[in-house]
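In the order they appear, the protein sequences are chains V and C. Note that my numbering has the first sequence beginning at 1, numbered continuously upward. Note that my numbering has the second sequence beginning at 1, numbered continuously upward.
Because the hints were derived from the structure by calculation, they are not lab data. Treat the hints with care, since some could be wrong.
[To be verified] Derived DSSO-like pairs (lysine-lysine); straight-line CA-CA distance at most 30 Å:
no.: 1; chain 1: C; residue 1: K153; chain 2: C; residue 2: K174
no.: 2; chain 1: V; residue 1: K96; chain 2: C; residue 2: K260
no.: 3; chain 1: C; residue 1: K260; chain 2: C; residue 2: K282
no.: 4; chain 1: C; residue 1: K282; chain 2: V; residue 2: K167
no.: 5; chain 1: V; residue 1: K91; chain 2: C; residue 2: K282
no.: 6; chain 1: C; residue 1: K174; chain 2: C; residue 2: K94
no.: 7; chain 1: C; residue 1: K282; chain 2: V; residue 2: K160
no.: 8; chain 1: C; residue 1: K260; chain 2: V; residue 2: K91
no.: 9; chain 1: C; residue 1: K255; chain 2: V; residue 2: K169
no.: 10; chain 1: V; residue 1: K169; chain 2: C; residue 2: K260
no.: 11; chain 1: C; residue 1: K432; chain 2: V; residue 2: K160
no.: 12; chain 1: V; residue 1: K96; chain 2: C; residue 2: K433
no.: 13; chain 1: C; residue 1: K174; chain 2: C; residue 2: K69
no.: 14; chain 1: V; residue 1: K167; chain 2: C; residue 2: K260
no.: 15; chain 1: V; residue 1: K169; chain 2: C; residue 2: K282
no.: 16; chain 1: C; residue 1: K69; chain 2: V; residue 2: K167
no.: 17; chain 1: C; residue 1: K432; chain 2: C; residue 2: K69
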Amino acid sequence: MQQTAKTLLVCLFIAALMGSVACSKKNPPPAALDTNAELQNADLGAGEFRSPADIDPALAAIFKNILFNYDEFSLTPQARAILDGIAGWLKNNPAKLVLIEGHCDERGTNEYNLALGDRRANSAKTYLTQLGIDGARIYTISYGEERPLDPGHSEAAWVKNRRGEFKIK
Amino acid sequence: MHMHPSQRRTSRTRARCAAALTAAVLTALSLASAASAKVYIDINAPSSMSVPIIIPPFQNTGSEPDPGKLAAGMAAVISADLEFSGLFRIIDPKLLNAELLRGVTSNEIKWDSLSVVGAEAVVTGVFAVSANRVSVELRLFDAVQGRFIMGKKYSGTLNEHRLICHRFANEIFKELTGAPGIFETGIVFVMQAGGNKELYYCDYDGGNPRRLTTFNSLSLSPSVSPDGARVAFTSYRDGNPDLYVMNLAGGRSEKICNKKGINISPDWSPDGRKIALTLSPKDGNSEIFTLDVQRRTLERITNHWATDVSPSWSPDGRSMAFVSSRSGSPQIFMQTLADRSERRVTFGRGSYNTSPSWSPRGDRIAYAGLIDGSFNIHTIAPDGSQYRQITAGQGNNEDPSWSPDGRYITFSSNRTGRKEIYIMRADGTGQKKITIGSGDKTDPAWAPLPGN
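Model the full structure from these sequences, guided by the hints.
Encoded structure:
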């Protein structure tokens, strides 16, 4: 807290000097010790998420993998279309929960890919909430490059591996 | 048993070794060297100043037979240590008839023969095996002047014969350079087995590998505490990628951070009190935080819409290097912690630069960078100057981690077709594979000697 106060003081002082509030733009004062609000403990809930196709083969047509471009987490039109279908199913099955797994291809660094996979899963989650699905029903997890669908080292394999995959319970 | 400064290190190792290794100065011989603390090699000089040294197979003077090529094996461990340091050039003992190499003490050694093959230093060793133990006498001589420099007598279990050799190699390194060696340090790494990845530990040269975790899960990204006692890592053991800390000496692990999203890429602060890590508190937007290991409180370091990941502290604890995609592709950035000012470190070379590792000396940051379709290890000064590519032309080379003295780097490479752990000098010379066996090995973290 002391540091925050100090940083704030320095910022105020500079701001006064500059006659502006620009300092926060350059060096955003950090929210020190922000352990609460936005930092919830991980909780995937009780019970195991399962592959929709394992529960009912007919679900495979709805819960198709969504694919991403290299080093990107924005949703393609195809991905949105799949998510539209998943949102419809979730609306019709209000007791069901969904887990979105974010995956990457093998290229690049493991740690960066874990972060990228997290963003991919969250892109899909955000879109589903925009379609009216309660965020509390949507879980996310990143596997980075750790769980490739295709173990190959070709572009064909990489395309399949850059994906969001869905589990339900 | 005679007490000696080296005894301090003995006590440190006790935590690691089942049986304590004992060491004693060869007192009858050490008087001559006690007075001269001369530094023979300037380690900051170019590596062309390497000392030619010969280490003949050791002599078995005991009544029991050599149980497993100790004579050649122990000499080979010391040779490999010294050669890897880059400060020595090993002269092959096979250049001389074995009879000419049998001398152990000053008046037995055939100095003229050593001179013929250009040796400027020689190490001799004798050993004796009794039951499960081995006692070893090792001596270092100046072969130019035909002069004894120092000697040590060690006793340990047979399993400790490599440790004995590493310790004497450290003594040689210290004697001739004035700096401590790294030959007793270790490396923590990740090895794949089926769909799981577990943490392993081995000597710095790959010897004595042993498994650390049995989580039957994905365990990743180890970072060893500065005192060498603990390892922080990410594991999916309980489903989510959470952060764990485990005692290296064996024993329990503890989950210390399990925030929603990722809890990844730990890096211990130089004072060992905090761990920098990556969390994704909101919408999967990863940010760097520090975690107070005792109080379990978190402090946010970065605050940017882009992906920030893989922090690495500067050795003075005042700055942090990290990866950010804020300029489009992943690049190395650094933040000065006092005022949160941030700047980009890598410019114009490669569109994908990740895995920063700040040298313990403070003057360089090693990282993995993608150029022409391959990852290689590069180093750069923290101000972005003095860029150097360290590996080239042999597969993908990633995950750099510095030795505690900042003279060497461990990394992973797939140059053999499988991902293995390698070590090299900081200038990229002396590259050496240290792992064997099936399963990809990645994420090496150089572990300081426990107790340092």
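Evaluation of the provided hints:
no. : hint            : verdict
1   : K153/C - K174/C : holds (17 Å)
2   : K96/V - K260/C  : holds (20 Å)
3   : K260/C - K282/C : holds (9 Å)
4   : K282/C - K167/V : holds (21 Å)
5   : K91/V - K282/C  : holds (24 Å)
6   : K174/C - K94/C  : holds (27 Å)
7   : K282/C - K160/V : holds (27 Å)
8   : K260/C - K91/V  : holds (25 Å)
9   : K255/C - K169/V : holds (26 Å)
10  : K169/V - K260/C : holds (19 Å)
11  : K432/C - K160/V : violated (35 Å)
12  : K96/V - K433/C  : violated (50 Å)
13  : K174/C - K69/C  : holds (27 Å)
14  : K167/V - K260/C : holds (18 Å)
15  : K169/V - K282/C : holds (24 Å)
16  : K69/C - K167/V  : violated (56 Å)
17  : K432/C - K69/C  : holds (23 Å)
When each numbered hint is compared with the structure, violations occur for hints 11, 12, 16.
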